[in-house]
Each structure stands twice: as structure tokens, then as C-alpha cells.
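Okay, here's what each chain looks like letter by letter:
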Amino acid sequence: MKFRLDPQPLEWIDRSESVSFRFEGQTFSGFSGDSLTSALLAGGQKLLGRSFKYHRPRSVLSMANHDVNALFQSSDATNIRGDVTPVSEGVDLRACNVNGTLANDKDRYIGLLSRFLPVGFYYKTFHKPKKFFPYWERLIREKAGLGEINTSWSATRQPKRYGFSEVLVIGAGPSGMQAALSAAEAGADVVLVDENPRIGGSLDYQLANEEAAAKVRADLKSRISNNAKIRLMEAHYAAGWYTDHYVPLVGPEGITKMRAEQVIMATGVMEQPSVFRNNDLPGVMLASAAQRLIARYAVKPGQRAVVLCGNDEGYRAALDLIAAGVEVAAVVDLERVGKRGEWAKQVQAQGITVLDHSAIYEAQGKGALSAVVVAPFNGKGCDAGKSHVIPCDLLLMSVGWAPAAQMLYQAGAKLGYASQAEQILPRELPQGIHACGRLNGAFTLEQRLADGSRAAREALAQLRGEAVVSELTVHRDTQSHSHPWPIIGHPKGKNFLDIDEDLQLKDLINAAKEGFDNIELMKRFSTNGMGPSQGKHSNMNGIRVLASVTGKTIDETGSTTARPMFHPVPVSALAGRRFRPERLTPMHQWHLKHGARMMEAGQWQRPEFYAPSTAAGAVTAAQREQSIVQEVQAVRSGLGLIDVSTLGKIEVMGPDAGRLLDVVYTMKMSTIKIGMTRYALAVDDSGVIIDDGIVGRIAEDRFYVTATTSHAAAAFRTLSLKIQELGLNVRLANLTGSLAAMNLAGPASRKVLSALTDVDLSEESFPYLGMREGTLLGYPVRLIRVGFVGELGYEIHLPANAALEVWEKLMDVGSAHAIRPFGVEAQRVLRLEKGHIIVGQDTDGLTNPFEANMSWAVPLKSKPWFTGKPSLARLKNSCERRLIGFRLPQGFSPKSSSEMPKECHLIIQDGEISGRITSIAYSPSLGRIIGLAMVDLPLADANVPMQVKVDSGAFVAIEPCATPFYDADGARQTADLTEVA
Amino acid sequence: MKLLDCADIGKRPITEFDYLGEIRIPPSDADESTWADYVFNRNGAPGVLRERWYHRPTGRWFIFERDTLTDQIIGQVDASEVRYEEPHYEIPA
Numbered sequence: 002m003k004f005r006l007d008p009q010p011l012e013w014i015d016r017s018e019s020v021s022f023r024f025e026g027q028t029f030s031g032f033s034g035d036s037l038t039s040a041l042l043a044g045g046q047k048l049l050g051r052s053f054k055y056h057r058p059r060s061v062l063s064m065a066n067h068d069v070n071a072l073f074q075s076s077d078a079t080n081i082r083g084d085v086t087p088v089s090e091g092v093d094l095r096a097c098n099v100n101g102t103l104a105n106d107k108d109r110y111i112g113l114l115s116r117f118l119p120v121g122f123y124y125k126t127f128h129k130p131k132k133f134f135p136y137w138e139r140l141i142r143e144k145a146g147l148g149e150i151n152t153s154w155s156a157t158r159q160p161k162r163y164g165f166s167e168v169l170v171i172g173a174g175p176s177g178m179q180a181a182l183s184a185a186e187a188g189a190d191v192v193l194v195d196e197n198p199r200i201g202g203s204l205d206y207q208l209a210n211e212e213a214a215a216k217v218r219a220d221l222k223s224r225i226s227n228n229a230k231i232r233l234m235e236a237h238y239a240a241g242w243y244t245d246h247y248v249p250l251v252g253p254e255g256i257t258k259m260r261a262e263q264v265i266m267a268t269g270v271m272e273q274p275s276v277f278r279n280n281d282l283p284g285v286m287l288a289s290a291a292q293r294l295i296a297r298y299a300v301k302p303g304q305r306a307v308v309l310c311g312n313d314e315g316y317r318a319a320l321d322l323i324a325a326g327v328e329v330a331a332v333v334d335l336e337r338v339g340k341r342g343e344w345a346k347q348v349q350a351q352g353i354t355v356l357d358h359s360a361i362y363e364a365q366g367k368g369a370l371s372a373v374v375v376a377p378f379n380g381k382g383c384d385a386g387k388s389h390v391i392p393c394d395l396l397l398m399s400v401g402w403a404p405a406a407q408m409l410y411q412a413g414a415k416l417g418y419a420s421q422a423e424q425i426l427p428r429e430l431p432q433g434i435h436a437c438g439r440l441n442g443a444f445t446l447e448q449r450l451a452d453g454s455r456a457a458r459e460a461l462a463q464l465r466g467e468a469v470v471s472e473l474t475v476h477r478d479t480q481s482h483s484h485p486w487p488i489i490g491h492p493k494g495k496n497f498l499d500i501d502e503d504l505q506l507k508d509l510i511n512a513a514k515e516g517f518d519n520i521e522l523m524k525r526f527s528t529n530g531m532g533p534s535q536g537k538h539s540n541m542n543g544i545r546v547l548a549s550v551t552g553k554t555i556d557e558t559g560s561t562t563a564r565p566m567f568h569p570v571p572v573s574a575l576a577g578r579r580f581r582p583e584r585l586t587p588m589h590q591w592h593l594k595h596g597a598r599m600m601e602a603g604q605w606q607r608p609e610f611y612a613p614s615t616a617a618g619a620v621t622a623a624q625r626e627q628s629i630v631q632e633v634q635a636v637r638s639g640l641g642l643i644d645v646s647t648l649g650k651i652e653v654m655g656p657d658a659g660r661l662l663d664v665v666y667t668m669k670m671s672t673i674k675i676g677m678t679r680y681a682l683a684v685d686d687s688g689v690i691i692d693d694g695i696v697g698r699i700a701e702d703r704f705y706v707t708a709t710t711s712h713a714a715a716a717f718r719t720l721s722l723k724i725q726e727l728g729l730n731v732r733l734a735n736l737t738g739s740l741a742a743m744n745l746a747g748p749a750s751r752k753v754l755s756a757l758t759d760v761d762l763s764e765e766s767f768p769y770l771g772m773r774e775g776t777l778l779g780y781p782v783r784l785i786r787v788g789f790v791g792e793l794g795y796e797i798h799l800p801a802n803a804a805l806e807v808w809e810k811l812m813d814v815g816s817a818h819a820i821r822p823f824g825v826e827a828q829r830v831l832r833l834e835k836g837h838i839i840v841g842q843d844t845d846g847l848t849n850p851f852e853a854n855m856s857w858a859v860p861l862k863s864k865p866w867f868t869g870k871p872s873l874a875r876l877k878n879s880c881e882r883r884l885i886g887f888r889l890p891q892g893f894s895p896k897s898s899s900e901m902p903k904e905c906h907l908i909i910q911d912g913e914i915s916g917r918i919t920s921i922a923y924s925p926s927l928g929r930i931i932g933l934a935m936v937d938l939p940l941a942d943a944n945v946p947m948q949v950k951v952d953s954g955a956f957v958a959i960e961p962c963a964t965p966f967y968d969a970d971g972a973r974q975t976a977d978l979t980e981v982a
Numbered sequence: 008m009k010l011l012d013c014a015d016i017g018k019r020p021i022t023e024f025d026y027l028g029e030i031r032i033p034p035s036d037a038d039e040s041t042w043a044d045y046v047f048n049r050n051g052a053p054g055v056l057r058e059r060w061y062h063r064p065t066g067r068w069f070i071f072e073r074d075t076l077t078d079q080i081i082g083q084v085d086a087s088e089v090r091y092e093e094p095h096y097e098i099p100a
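Those sequence lines, one after another, are chains A and B. Numbers 2 to 982, taken from this note's numbering, label the letters of the first sequence in order. Numbers 8 to 100, taken from this note's numbering, label the letters of the second sequence in order.
Just chain A, same shape as in the assembly:
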């Protein structure tokens, strides 16, 4: 580690723990706490990457999470940001976007073609002729991509947390730390977040060697760590601002969604590069990058340096270089050195040459910086004739700052250019949003601390609902810290304005001249600011260039705004852990023990079918089919039991209960006799079917309503809405979770159940569609004679805690009749044999009851009102399609599954789509395939064979047939099998 300095007072590295890793096949070692970039630089690796378009050699620019040309690739991650990612033992890294090796990138000569690749080149060159575009697109994508994705990735899921705070302070530099302390000391609950692993911000690198700063630093840090009202979140970045101060904080472990009442943005400023020829050579970096390298990682950024200054901070950086043992060949100041402050005097006192009214005209070097060409500068351009060369391997740029104001824009703040500061500053902040520190134009340490306190004071006043007059501008510096035009033209170009996208100065000028002279248009045409750093070091210079070309002010030119999230967020952090609560019925464990394969039904888990022979592991399609057939046969010939606990179960009580149900459901419910049930069909205002179930009457003023599994919550919501709208005297009890339910179905059901209950099950006292209350194994139960599966059957509704015992008892007693548990699939077949629809499967978002052959459920004449009535009255005679039953020929057996008609396959008549299969299954009871299809009229009434287009593209003929397919007169629903026979 030949470029490692002696220990620095504030360094982040732990020299007791060394870490070794590989880069481009070579072994490097660093210390725990190093970033990938710092460890590589310490080991003498200066070349870190290649540029996006021209494959030029690149290295460090910012060390601030914006180094888009030092992106690395490991076996399982790509676009790893070397400047901020900590080294980890054994990691094997390569450079991104390299053809061959980093040192011998085969594409490095593309740069020589750059004059044939002007701005807008892609748009202009490749769109004609159109048929060649795919070829060009493939080539360009291959050449220009960033990194490779490992397609055999393994999913990682990170936790997602929810956080709350009264005051959220973003950025833990001096002003942010002070704001957090002031707020906390005034009693507020504060979260202080910083993207870096340690707090301190620029206090710890820019002012690392300042004696006056040392005291402030020690004081702030100890007070923060001792203040219980401050929750400190290091290594988390605020990725965006969302309505009502919702700020995602992204950390190494995942995302915390912070809901704050007040947000203080102390996000600071981003140092901006100067634009001159070859400003992208390795060795040319921002002054703050060198200061970070020295103070955080004890890495010597070069041997012999030139510092380009457009502000005081550059002189501070020059002093830091000297302290780190770097020879400073010269300081080049864009303006007059006499206007600089104390630091400039110290530099001059050390005998360093200061060349003022000068700029860097170009940087020179092959693969890395070896010299700079300095020329007189008049504020607009250089006098190249009077240039001279200074050999150096390091050039620091300290010419200005752009506010990290992305989240201010997102929050709706108004910002404007302050010409005194030569910086965009906040003008008007929305309620609950505050800005302080350098983001707000406060630059000296005293100003920054005072501004932090001020922001905290204003946040607290707003928090307490007190009136507050903002003193936003009080602590701003009167001196500028940015140069208005650090941009130097050069006839040979290569003066990069956006190093993400390899955009040169002339590209932006040409874009403006071609008419893309609006900041948003220019961005999109030139791609300025569209690379991985999203304009963090190109947007400000882009605005300056456009303003200059158009002769407008910076404010008139405007700024593009960064959408949230303005910094890349890993998808694993966004996704978080799967959080989808599941509801389980009381019999869930029993189902699993007995070979049930579970499926999702809304929030619920339900048995799809049972495969008892194969208790665990995968089930073949044939085994699945066989299980379903056996379950169907058990119900038809003996006995089956299905868990229907997932049904919506609502009790409706009160004098207006009947009126309510009359409004919500199509059929008249207020006339149901006590102890009887009626089919319940619900439509919306437009007459579309939304739910079905049954309504039973328990007492004069008490009803029991069931709804489909997926519509249970909506049914409750609709019922309560109508109560509110009409002011009805009704109470609802949602019993969906507290009651379980099961359906005992099959010819033997009466015999088996009668032995266990005190309810008289005889046909005379408990007829079809009846509902009775009684006890079963001593538990209170409600029994309902239902007909969904088309056999004699009883739905048993009972307390959830009794359900498993009753279920097991029924299975036990039923074993004499070969009882089988059956799942959702068998139930679907059973109901299909009866021609019963499933809402949402056989109906879609436009199906009305007439199309579903349920005009019997629409009493337009006898009921004055129900939801959707006027629509149905209108639709009654204008249906354009109808649900029909169909079957396939006996013995239909396709060669492959792609020849098999399936749900959603289309019916094609004379080349036109004329219908769609909604349900299809093999019917064990009929020994052939049957189904339902929604078919256009008049074809639906024509009773002719129809053609279904199957997956293979072939046509299969289906023949319409009447429904129910099975037991058309419903005899089996009302009697024992023996009575039928």
C-alpha cells in the first residue's frame, strides 16, 4: 500500500484489520473501513474504469457516491460504486463496460471516432432504413452497456421498516448536526440520517485540519451521542421526498420508510467540475475528493499537484495536500487572489506559486495526468497563446458547488439563482420543509451552525403550530463560493461536461443550436444528466452553458428536477420482505397432514385437492387429475367434506335488516320465511354481477348472509355503506373469521350427520334450502341445505374453535361411507356438472345476470328498487352474448395438451372472435369433457357446433348442450340416494 499515509486523526480505516480482494485478476489489500476505490488507489491502481461511450480511461472524481466511471462488477452484483462501497474480504472485482481487460480495452479507440459521433447521433443515424434498426440497436447496446447482469442470481430479500419522527434531519454535517441537537434539546423526537458510515460531513474532511473546527466537532459529536432524543442513522441515504414527509431511508440492511412531521434538509452541496480539455484524465479530481481520500482513508492522492481554484475552499485543499506530503506545484485561480481569504494567505506564506486570472486550458497525459496547460483567463475564455505547461500527476478542481436540492424540488420548494452566491438557493419552502447549511448558502462554520439552529427553531415552531417568520436568508454568506463560468472552450474538444455520458462542451452547444434550447429538451436530446449520476456534476454546468448560448439568465433557463428516488436503490430494498398475510382456516393443519395441496384464494389458503398417497413432494398432472376425479366420485356416490370456512359470513340484525338486503341484492329477501334461505345475487349500479351467496332468515329481524371468499370484505363494506346512505336501523356482525364452515355433501350426508346432531334432518322438517340451528357434538351450529355441488348436502357453520373436532368426527363417522375430503378443484367440477356459475370465472367485469341465464334472479316487476335495477331494465332486451353449456365428443383425447381446449380459449366463427370458454373440465359423472362458454348472440342461440382455437393454433369442435349437465331436475339435492333409486 505504497500510497497510504501515516494515520490521520479522523480516518475511517481500521489498520488492525487488513482485507484482501482481487481486481482485474490482481490481488490487493486494504483495511477494514476502506472503500474499494481507496484500497485500489492505496495499492497504486489509478485506472479504475472506462467511460461509457468512448472507453476513455477514468478514475476518481468525487469520492462522494457519484463516481460513475469507477463502477465494478463482482460475481453477483453489478455497477458497484467503488467510491463508497466498503471492501470485503475475498471479493473478486472487474471493471464494468470494458471489452477485454481494463488496461487493454479493445474499444478504447472508439474515442478516435468521436467526431463522427456528434450529439443526437443515434437519433439521426440509425432510424432509417427502419429494417436495419434492430441490427444497430444490438450493436449499440453491446458497446454501450454498463455491467453485466448475473441471470442466475439468487433472490435476496431485505427487511422493510416503518419509522416515525417529529423532526427528520437529512445530512449530518455541521448544520445538520446542529439542527438535530437544537431540535432535540428543545424536546423534539429527532432522527438524524447521513449517507456516510460516520457523521461529520465536510467538517471531517474539508475542515479536518482546522483547529477551530476541532472543538466544534468534538462538542457536536459528544452531545449527539449523549442525547437520547436523537436517533442516529448512519450509512442511510434519503432517497426521495414523498407527500406528507414520507422519506425512504435506504441502508445496507434495507429500507426504512420514515414518516416525519418536519424535515430539515441539511444535504449540503455537490462539488462541480471545471470543463476543459481532457478534464477526465485519471489524476484530475474534485478538491473535495482529494480531501476525502486523505482524511477518511489516509490515501495520498498524488505526488505533485496543481490546484484550480474558483473559491476559497481550493486553498484549503492545497493546504491539506501540503500536510499530506504532496508537492503543490501551483495554485491556479480563475479570479484575483487578493479577493480570497485566510487560506489563500497561508498558501502564499508557504511559498506556493499562485497564478491568478488563469485557468487550466487543457490537461495532458497518456492514460493518466502528466501535465496541465495553464493560460490566462478573463472570465469567459483562455488566451491560449500565453499558455505554459506545468508537469503534475494530480489536479484538483475547486470551482464551485451545486446544491443537493433534489428533495427540496420534490417537496415543492421554490428555488432560484442567487447571483451574489452564484448558486441556486431556496426561496420559498413548503410547510414542514426546512433547509440549512451550505444547501441554503451558509458557508462559514459559524454561519452553518447558526443556520442549523435557525432551521430547528422554525421546525419546532411549526411542529407546535406556532406562527413563524422564516429567517431563511439571515445566515447566508455574502461571498460567492462558485465561479459562474468554469468552462473553457478548446478547438480540439474532449472537454467533458458530463462524464457519465461522455458529453463534450460542443455537444451541448450544438444541441442548443439545433433548437433543443429548453433545459428539458436539451437533457433528453443530448442525454446530459441521464447517466448513473443523474446530473449530479453535469446539471449545473449544463444550465450555465444553455444560459450562455441562449443569452438568458440561470433562472430563466431553469433546472431539470430529479424524480424520487434520485439515487439508485437496489430492487431488493424496494421489494422488501414478502409481506402478504395469509389467513388459515381451523382445519389447515389437518389438510396438510392429509396430503392437501394448498392454493391461494384471496387472502386465504385453501386445499386445491388432496393427494393422500404422496404425502409430500411434487404431484404429477396425472396424480392431480386422478385425485380430483376420485373426490368428485366420492361426493356423487357416497360422501365428501369440504372446508368452506373462507366464505364471507355476515349477520344482519335490526328492524330494517330486510329492507337493507332488498336494496343490496336483486331478489326480494324481506319475504324469506324464517328458517329458509334464498340465492343472493348482487350487481353494481351498471347491472354487472359482482357477487353471489345466500341469505337466510334466522328471525324476523335477523338474517345470515354468505358471500364468496374473495368478495367477503366488499360485501360487508357494501352493506355498511347502504346502512349509512339510507340511515337504516341495522347492525352488522362480520363473522367471517370467528365462524368456520364445512359442507358435508353426498347421498350419505343425512345419515352421517343425523347421528351427531339434535337437529331433525328429515325432509319434512328440514327441506332443501332450509336453515336450522342446533348443536353438533355439543357445539352450537347453524345447518344450511345448499345445492352448489348438486347432491344432498349440509353446510355446517360453527364456532372456529369447534371446527376441527367436528371435522375429524365427521371424517371418522363418514368412513363407513368412504368419505373423502375434497378440495376447490373437485368443487369446481361438481358445480360445473350442475351448470352453476362462479362469479369472476364465468362472469367478467361486464357480465349481467341475463347473459348468465339468471333472469329468474332479476325481479324487475315486483321490486320497486334494488341496486342496478334501472340498468338491468335497460339491459334486459339488449344482451349481446350469453353463457352456454358445451361438451366435447365422447372419448375426446388430444395428442398433446396444446390441442386441449382450455379456459379463455376463443371461439372463432367465420374468422371472427365470437366467444370464450369460461370453464372447462372432465366430468367424471358424465365421462366426458364439459364446460361453459360466453358466446356472442345470435351464435349462442343457434345450437350449432362451434370452433375453439387451442394453444397449438388448431381448431377443436365443441357442441352446445343444455345445462345442468347432471341431474337436470335436481332430484339428488332433495333426497337420499336410496330414495332416488
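Check the hints yourself; a few may be wrong.
With a straight-line cut-off of 20 Å between C-alpha atoms, the simulated EDC-like cross-links for lysine to aspartate or glutamate are [stated by the list, open to error]:
hint : chain 1 : residue 1 : chain 2 : residue 2
1    : A       : 723       : A       : 685
2    : A       : 877       : B       : 38
3    : A       : 723       : B       : 25
4    : A       : 877       : A       : 686
5    : A       : 493       : A       : 478
6    : A       : 862       : B       : 97
7    : B       : 18        : B       : 38
8    : A       : 723       : B       : 38
9    : A       : 864       : B       : 93
10   : A       : 674       : A       : 765
11   : A       : 877       : B       : 39
12   : B       : 9         : A       : 262
13   : A       : 877       : B       : 36
14   : A       : 125       : A       : 138
15   : A       : 230       : A       : 220
So the derived list for chain A, only partly shown, Cβ under 8 Å to chain B, looks like this [what the hints assert, rightly or not]:
hint : residue
16   : 95
17   : 686
18   : 725
19   : 727
20   : 861
21   : 870
22   : 871
Read the hints as simulated data drawn from the structure, not as lab findings. Just so you know, even glycine gets a beta-carbon here, dropped at the ideal spot from N, CA and C.
With chain A held as given, fit chain B onto it using these hints.
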């Protein structure tokens, strides 16, 4: 608005609510165009609307006045203020 400040249940995330929209009363014995207007058209002009919101965790309906321009809740309305009589519809002869 991502937090809905309700006098009864406090500030809750709007993800806990289902939004029904502006209070609208089904017209009785409406002709076809009146009924179609009720079923299919909604008022999109910005302004203060009385809207129904359903809070799923408590199973309660609320009526809020909201300025749709600023997306701010202005007040809460008692259900009795906006009750309506059950409509009726006779099929035209």
C-alpha cells in the same frame, strides 16, 4: 395527501382506506340519459367535494369534505346530513 387526519380515529395512512368518491344520490324514475349520467359520469372539476371513504381496519364509513385542488381534508360530515330516501324505479310501460 398520504395521511388522512380524521377527528374520530386520528391520522391514518390513506392506504387503510377505500375511496368511493363524491357523494351521489341515485335518481328515482330516471330517464335513460339521467340514469346513464349517474352510473358512468363523475365530476372531475377541482373544488371542495363531499366524499365517502371506507376505513378497512375499523370497518367504518366516513364522509370528508376535501379540496381536490390542494388535496386537503377540510372537514368531516355527519352521515345524517347526506342521507337519502331509498329510490324507486318503475319500468316504463
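Hints, one by one, checked against the model:
| no. | hint | verdict |
| --- | --- | --- |
| 1 | 723(A) x 685(A) | 13 Å, holds |
| 2 | 877(A) x 38(B) | 16 Å, holds |
| 3 | 723(A) x 25(B) | 15 Å, holds |
| 4 | 877(A) x 686(A) | 15 Å, holds |
| 5 | 493(A) x 478(A) | 38 Å, violated |
| 6 | 862(A) x 97(B) | 8 Å, holds |
| 7 | 18(B) x 38(B) | 42 Å, violated |
| 8 | 723(A) x 38(B) | 23 Å, violated |
| 9 | 864(A) x 93(B) | 12 Å, holds |
| 10 | 674(A) x 765(A) | 15 Å, holds |
| 11 | 877(A) x 39(B) | 14 Å, holds |
| 12 | 9(B) x 262(A) | 13 Å, holds |
| 13 | 877(A) x 36(B) | 17 Å, holds |
| 14 | 125(A) x 138(A) | 13 Å, holds |
| 15 | 230(A) x 220(A) | 17 Å, holds |
| 16 | 95 | 42 Å, violated |
| 17 | 686 | 5 Å, holds |
| 18 | 725 | 5 Å, holds |
| 19 | 727 | 6 Å, holds |
| 20 | 861 | 6 Å, holds |
| 21 | 870 | 5 Å, holds |
| 22 | 871 | 5 Å, holds |
Hint compliance for this structure: hints 5, 7, 8 and 16 are not met, and every other hint is.
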